[in-house]
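There are 2 protein chains.
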Amino acid sequence: MKENIDFKADTIFPAGEPLPEMLSKYFIGQAYLNMLTTTGVGIGNVTFEPGARNNWHIHHKGGQILLVTGGRGYYQAWGEAARELKTGDVVNIPAEVKHWHGAAPDSWFSHLAIEIPAEGASNEWLEAVTEETYNNSKK
Amino acid sequence: MKENIDFKADTIFPAGEPLPEMLSKYFIGQAYLNMLTTTGVGIGNVTFEPGARNNWHIHHKGGQILLVTGGRGYYQAWGEAARELKTGDVVNIPAEVKHWHGAAPDSWFSHLAIEIPAEGASNEWLEAVTEETYNNSKK
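The listed protein sequences correspond, in order, to chains A and B.
Residue numbers for the first sequence, in this note's numbering: 1 to 139.
Residue numbers for the second sequence, in this note's numbering: 1 to 139.
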């Protein structure tokens, strides 16, 4: 495929719509969200354009599972090296761990985000990922 | 792709191993299971060879969500017509609903199976899907 052109057609699950402002304000670059279900377990399909990523954030009480369905990107937990992600990869994000995820600079990136149910679960959005931190992720 | 030949290479998530006997006895045909995670939410990648399907079964207490990642297959709830499934489809299976799922006769089929957590959740395996019922699913 030709990356960064009509990339939405190549996702396994429909990419959905650009993030609503209440979420996009915590992202750098353009990302898309398609909630596949909210019954029992919340599952969203998140698609990032090249270079797009979310801010550092924390899932309180319940963690989150990422299942990578296409493209190439990164996951980084605070104080650790970034991990490169590609199709088929699985990330278990424990509750209370500060982290970010997003696309590589030269590739779109799609993952399912599965919320681990927990009473009183919430998300805390923090500072943006700096260019320096992002650039250190590149491989 | 050429279906039914080396199909495991074409799944988004690794197909994993043939079902253990404790599960395969409730299936017709060959299927594969790869548990992607059991942390918080159980998520398995299930891949069926053409014609393979599971018996009628019921998820008690907690339901299950299917996310289709490749191929073509069916889902049928008791008393309803079979629903044809293809890449990107989502099925919410409520608790207590008798149902089966599996591949089309001429296509492999892969889906993620996401267990909705519930206290005291269990699976009840029932009778095999007859040839007549299976053949009525075909489109």
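Among the hints, a few may not be true.
Short, incomplete list of chain A residues facing chain B, as computed with Cβ under 8 Å [to be verified]:
#: 1; residue: I12
#: 2; residue: Q30
#: 3; residue: T39
Per label pair, the in silico range of CB-to-CB distance [claimed, not checked]:
#: 4; chain 1: B; residue 1: E17; chain 2: A; residue 2: P117; range: 46 to 52 Å
#: 5; chain 1: A; residue 1: G120; chain 2: B; residue 2: P20; range: 26 to 32 Å
#: 6; chain 1: B; residue 1: A81; chain 2: A; residue 2: K98; range: 33 to 39 Å
#: 7; chain 1: B; residue 1: A81; chain 2: A; residue 2: T130; range: 52 to 58 Å
Don't read these hints as lab results, they were simulated from the structure.
Ideal Cβ placement from N, Cα and C applies to all residues, glycine included.
Hint by hint, here is what the structure shows:
About 6 Å separates the beta-carbon of I12 of chain A from the nearest beta-carbon of chain B, less than 8 Å, and the hint is met. Annotation: Q30 of chain A was flagged as interfacial toward chain B, and the flag is violated, the nearest CB pair being 21 Å apart, outside 8 Å. With 8 Å as the threshold, the beta carbon of T39 of chain A comes within range of chain B, its nearest partner Cβ sitting at about 5 Å, so the hint holds. Between E17 of chain B and P117 of chain A the beta carbons are some 28 Å apart, a value that contradicts the proposed interval 46 to 52 Å.
A hinted range of 26 to 32 Å for the beta carbons of G120 of chain A and P20 of chain B is inconsistent with their spacing of about 37 Å. Separated by about 48 Å at the C-beta atoms, A81 of chain B and K98 of chain A break the suggested range of 33 to 39 Å. Between A81 of chain B and T130 of chain A the CB atoms are about 54 Å apart, so this pair conforms to the stated range of 52 to 58 Å.
Comparing the model with each earlier hint shows violations of hints 2, 4, 5 and 6; every other hint is respected.
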